[in-house]
Each structure stands twice: as C-alpha cells, then as structure tokens.
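Protein sequence lines, in the order shown, are assigned to chains W and Y.
Quick note: the first sequence uses the working numbering, first residue 1, plus one each step.
Quick note: the second sequence uses the working numbering, first residue 1, plus one each step.
Some clues are possibly wrong.
Part of the chain Y face toward chain W, derived, beta carbon under 8 Å [as the list claims (entries may be wrong)]: (1) 59; (2) 60; (3) 82; (4) 88; (5) 90; (6) 91; (7) 121; (8) 201; (9) 205; (10) 206; (11) 209; (12) 210; (13) 211.
Okay, derived cross-link-like pairs now, DMTMM-like style, lysine to aspartate or glutamate, Cα gap no bigger than 20 Å in a straight line [stated by the list, open to error]: (14) W:204 - Y:21; (15) Y:2 - W:232; (16) W:204 - Y:205; (17) W:204 - W:232; (18) W:204 - Y:40; (19) W:176 - W:56.
Note that these hints are calculated values from the structure, not bench results.
Cβ coordinates follow ideal geometry from the N, Cα and C atoms, glycine included.
Residues per chain, in single letters:
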Amino acid sequence: MIPEGMRDVLPPESGQLRAIETALCRRFEAYGYGEVRTPWLEYAETLEAVEDDTLEAGYRLRDQQGHELMARTDMTVPVARLAAARFHDRPLPLRFFYVAPSIRPWAPQRSQDGEFVQAGAELLGLHTAAADAESVILLCDCLAALGLRDFRVALGTVAFYTALVDSLGLDDDREKFLEALADRDYPLLESIAGNAGVDQDALKVLWRTLELSGTRDGLSQVRKMASSDAMDDAIRRLVEVRDLVEDAGFEDALSLDFGLYQDLTYYSGVIFEAYAAGVGLPIASGGRYDGLLERFGWGIPGVGFAVALDRLHEALEEAGAVPSAAPACIAFAGGLDEPARAMELRRAGWAVAALPDDAPAPPRPRLHRSGGSYVFEPADGETVSGSWRDVLRALGIA
Amino acid sequence: MKLGLACDGGPPPSQVLDLLERAGLQAGALRGVPGPALLDADDATWLLAPGADVLEACARGALDAGVAGKDLLLELAPQLHELLDLRVCRDVLVYATPEPAVGVLRRARTRVATRYPQVTRRHFAATGRQVDLVAFDAALLAPGLGIADGVVELRSRLTLDDGSTGAGAAVGLRVREDIAACSARLVAGRAARALGGGRLAELLERLRASVEEI
C-alpha cells in the first residue's frame with residue numbers, strides 16, 4: 001500500500017515519461033539552460049519565505065537538531081534559493097532547468113496527484129520583454145518538439161490586474177478579490193465589489209476586460225479602457241512579448257487572455273498557461289517573478305515555467321503522439337546461458353531480455369534454442385529457424 | 001466548431017431553458033428530456049446529466065461550459081471558473097430542525113443529516129460548533145427516523161411533493177439558519193477559454209445580456 005495521492009509508475013508509462021523528459025531536456029539544453037538538482041527536503045523557512053498558502057501547506061518533519069523541514073511543494077523557489085546562495089557573483093543572465101517531483105498534500109477534490117513531476121526552465125537576471133518571450137518560445141518549442149499539435153498558450157499579465165484592482169479602491173477586500181479573480185468566480189467578484197461600493201463604471205471596465213479574448217479588436221478595446229500608466233505599461237509589455245513569440249513562428253499557438261490570473265504570489269508580470277485538447281487543466285504554466293530572488297537576498301528578476309509531466313503525457317496520449325520508449329525487446333529463452341550471443345545482439349542495437357532455457361513462452365519477439373539450432377519468432381512476420389547466423393541475418397545484423 | 005454544453009438535468013429546469021433560449025440557443029429540444037442524455041442540436045452538443053457529472057465533464061475539458069447549481073459548486077469545490085449567476089432556480093441552503101422537537105434523545109453532539117457534508121462541516125466549524133454528520137440523501141426524513149436532530153438542505157426541498165414534510169407529516173422542519181444563497185450558475189473548465197477561441201466569451205456575453213434583461 002502507498003499513501004493516497006501517490007502512485008507507482010510502471011512500464012510502458014515509465015519509459016514514455018522518460019522519453020518525454022529526455023526530449024524536454026534536449027530543448028532546454030538547446031537554449032543554453034543547465035540542469036540543477038535540489039534536495040527534496042528544504043528548510044520550511046525557505047518555502048515560507050514566499051508567503052504563499054499553497055507552498056506553505058507541505059508535509060513537514062523535524063531533523064535531529066530540531067530544525068523544521070518541508071518536502072518541497074514547488075521547484076521555482078528552491079532554484080531561486082540556490083541561485084541566490086551559489087551564483088550571486090556570476091555574470092547574468094543565468095539559465096537553469098530541472099526535472100523533479102514536488103509534493104503537496106493530496107486533496108480528493110483536486111484532480112492532481114499529491115506528488116507531481118515538473119520539467120521547468122528558469123531564466124534569471126533579465127527584466128526585458130525579450131526574456132519573457134524566450135520563456136514562452138521555449139515552452140512552445142518543447143511542446144512542438146514532442147509532436148503536440150493544436151496546443152494553445154494563453155498569455156496574460158498580473159501587472160495589468162494589480163493595477164486595475166488598485167484603481168477600484170478595494171482596501172480590505174483586495175486579497176479576497178484577487179483570489180476570486182484567480183478562480184474566475186465572477187459572481188463572487190461582483191458581490192465583493194458590491195459590498196465595497198466599487199464604482200459601476202470601473203466594474204464595467206473589469207467585466208469587459210475579463211471577457212475580451214485575444215483578438216486584435218479586443219486588444220484595442222482593452223487599450224482604450226486602460227486608465228493608468230501602470231495598465232498602459234502592462235499592455236505594451238504583453239504586446240511586445242506576443243510580437244516576439246509570433247516572430248519565432250508560434251503565432252498559431254498564442255492567444256492573449258486579459259482574464260488570466262494566477263494566485264501564486266510570486267508572479268509579478270507576464271504569466272502564461274498551456275492547454276491541449278482532452279486535458280482540462282494546464283499542461284504547463286509560468287510567468288515572471290521579479291520579487292522572488294529578493295527574498296533570498298539577491299534582487300534580480302526572473303521568468304520561467306514548468307511543464308506538468310503527467311498532464312503532458314495525457315495530452316500526448318489524446319493526440320496519439322506518445323513517444324515510444326524502448327525498442328522492442330527480444331525475449332531470448334536460454335540467453336542467460338549464452339551471454340556472449342545475447343551481447344552480440346545488444347551490440348547491434350537490439351534489446352534482449354535473457355531468460356532461462358525452460359522459461360514459459362514469453363510474448364513475441366522471442367528467440368529460443370531447439371536442439372542445435374535457433375528459432376526466432378518476430379513480433380510480426382515469419383518464423384526463422386536455423387543456425388545462429390540465420391538469426392543474425394533475419395535481424396539484419398549479418 | 002460546435003459548442004459543447006451541459007445542463008444539470010433530468011429533465012433540466014424550464015427556467016434555465018427559457019434563459020438559454022432568450023440567449024439565442026436552441027435549447028427547446030432539451031425540454032422534458034429525462035436524461036441522462038447526449039443530444040445534438042444545430043448550434044451545440046448537449047450533455048444532460050446529474051450536476052456533479054456536469055462539473056466533472058467541464059473540469060476535464062470535455063465541454064465548453066455547463067449550467068449547475070451553486071449548492072453543488074459549494075459542496076464539490078471543483079476546479080472550474082464560475083462565470084455567471086443566471087439568477088434562476090434561486091434557493092437557499094439552510095439549517096433546519098424539527099418543530100416541535102422530536103424524540104426524547106438529548107445527544108451531547110447534534111447530529112445533522114445532509115447531502116452536503118462538506119458545506120455542513122464548514123458551516124458548523126466556522127461557527128465553532130461540533131456536529132456529527134449523517135450522510136443522507138433524503139435528509140428531511142432523517143429527523144423523523146430518529147437518526148438526526150437537524151438537516152442541512154435546500155429550503156425548497158424541506159417539503160415533500162405533496163406539501164407535507166415527511167415522516168408522517170407529524171413533524172415540521174423549521175429553518176434556523178441560512179447558510180448560502182444558491183442559484184443556477186454558468187461554469188466552464190479552465191481549458192475552455194484557451195482552446196475554444198472566442199466561443200465561450202461570446203456565449204457569456206449573450207447570457208449576461210439575457211440575465212440582465214429580467
């Protein structure tokens with residue numbers, strides 16, 4: 001038995017996941033990102049430094065000296081911690097990637113596993129729109145490289161919302177309002193705004209903005225409604241990022257979404273989420289987190305994203321594009337007694353599972369000895385019976 | 001591409017269908033359909049199913065949007081966007097107890113029968129009271145059976161179809177506390193907005209206009 005929310009991963013899924021991870025790592029490396037591995041236990045105060053309820057709600061334990069530890073609930077925070085501690089004298093920018101599990105207490109109503117593996121990339125030290133764009137482009141490139149067509153990346157900005165909400169004059173209800181915004185609970189937004197006596201015109205602007213999707217027309221309308229420099233800046237930034245991502249050839253995948261808002265407190269600017277058909281939750285999400293490293297003593301900006309591997313796997317299953325893991329493995333009855341022959345096949349690139357002579361017939365492709373000769377039964381096609389040389393020939397080796 | 005929509009139904013409430021029709025959807029075909037069913041109209045594919053299924057189908061990205069009761073949203077807390085209060089099928093989740101009080105049992109901890117265990121647990125915990133939950137679909141009958149001291153239920157469901165309150169109609173239930181106002185809501189999964197292009201935004205706009213006409 002294992003705890004609820006945890007799961008064992010078996011072949012062939014495990015191999016498929018590894019193939020996906022490998023493909024993602026190759027893309028990350030192609031953009032100059034270097035892999036970091038961090039411990040799955042952090043000091044609780046590291047994750048608490050971000051002041052985010054979701055990240056603080058991890059499994060906790062104590063070490064022998066009485067320090068409070070936490071199983072990491074997120075990977076961006078450990079990467080920020082590590083960068084601030086180990087790289088503060090290095091030239092910027094820094095580029096890190098990781099493939100790692102995090103654990104959050106499992107809740108039956110959230111259709112997410114308690115343990116989830118993410119593959120993520122963080123670009124630290126640049127505050128520009130071009131850096132935002134690289135992050136989005138890298139994400140699109142990763143998904144496209146895996147053969148996922150018809151994915152969609154929604155691009156929004158937290159900065160626009162904070163400015164808009166500031167203009168509503170909500171005071172005490174600000175946090176509640178932003179939470180409702182993240183959940184897109186519009187009736188709740190309306191009631192909070194109503195109670196706080198928010199100006200009806202201001203509220204109308206909010207509704208229009210929330211509903212406008214990423215058409216050119218929508219964009220110009222949002223521009224007209226912007227009522228502060230901060231809002232203007234946020235829109236200009238978003239457009240700049242969009243143009244760069246379009247330049248890179250991902251215009252079909254991109255949609256501007258002014259209603260996008262995430263409740264992870266460390267996001268400060270552009271945010272984005274990737275969706276694919278058949279998966280109800282985002283397969284990847286990310287954004288700019290300019291205040292995060294400051295909390296670890298190094299005030300540099302950052303932007304990054306993480307792919308949820310399980311969800312990406314689901315999306316690839318839906319699209320019929322799951323990468324195959326290993327070559328078909330030949331079951332070689334008697335192969336345990338003939339390691340040299342098994343090796344000969346492996347050297348030629350075949351996977352061979354050696355079995356005892358008297359093993360019950362495994363599934364094809366299979367190979368066994370019969371008297372002085374060999375019988376090879378391919379997965380499909382005709383059985384070859386004869387000398388070892390005949391077997392090699394049938395496998396295209398000799 | 002056609003809209004994929006869902007409605008809590010079997011059959012779906014006529015007030016909801018009226019509203020959908022006013023918003024220009026061909027919802028007439030759904031009238032009186034007992035459900036569960038998948039129906040194909042010209043402008044949309046419809047799922048008619050219990051509310052929890054509507055929420056699940058939307059959360060899993062199978063549909064653009066759905067209509068379900070706020071009571072279920074409170075109970076199941078699904079990862080969905082709640083886009084619009086349709087302001088129909090209005091009701092109130094209430095805590096009610098028998099009047100006159102039944103039985104001679106004086107339990108140290110009050111027992112509450114309900115189909116909304118999460119809502120009930122939260123409500124009493126938030127007000128500092130500890131109660132035992134009795135999961136019971138026909139909650140209004142539980143006090144008469146002697147297995148509960150009170151019920152949490154929609155106000156409209158505190159009476160049986162014949163107007164009596166059940167349990168031989170000897171016991172009436174009196175509302176003690178309002179817990180939450182409920183009504184039909186338009187919900188959508190998180191993926192719907194990104195993948196559906198402008199379809200969802202357009203539907204929302206039309207429905208919002210219809211709701212505000214009332």
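Requested in this report: Compare the structure with the hints numbered earlier in the document and write down the numbers of the violated ones, lowest to highest.
Outcome: 4, 5, 6, 7, 10, 11, 12, 13, 14, 15 and 18
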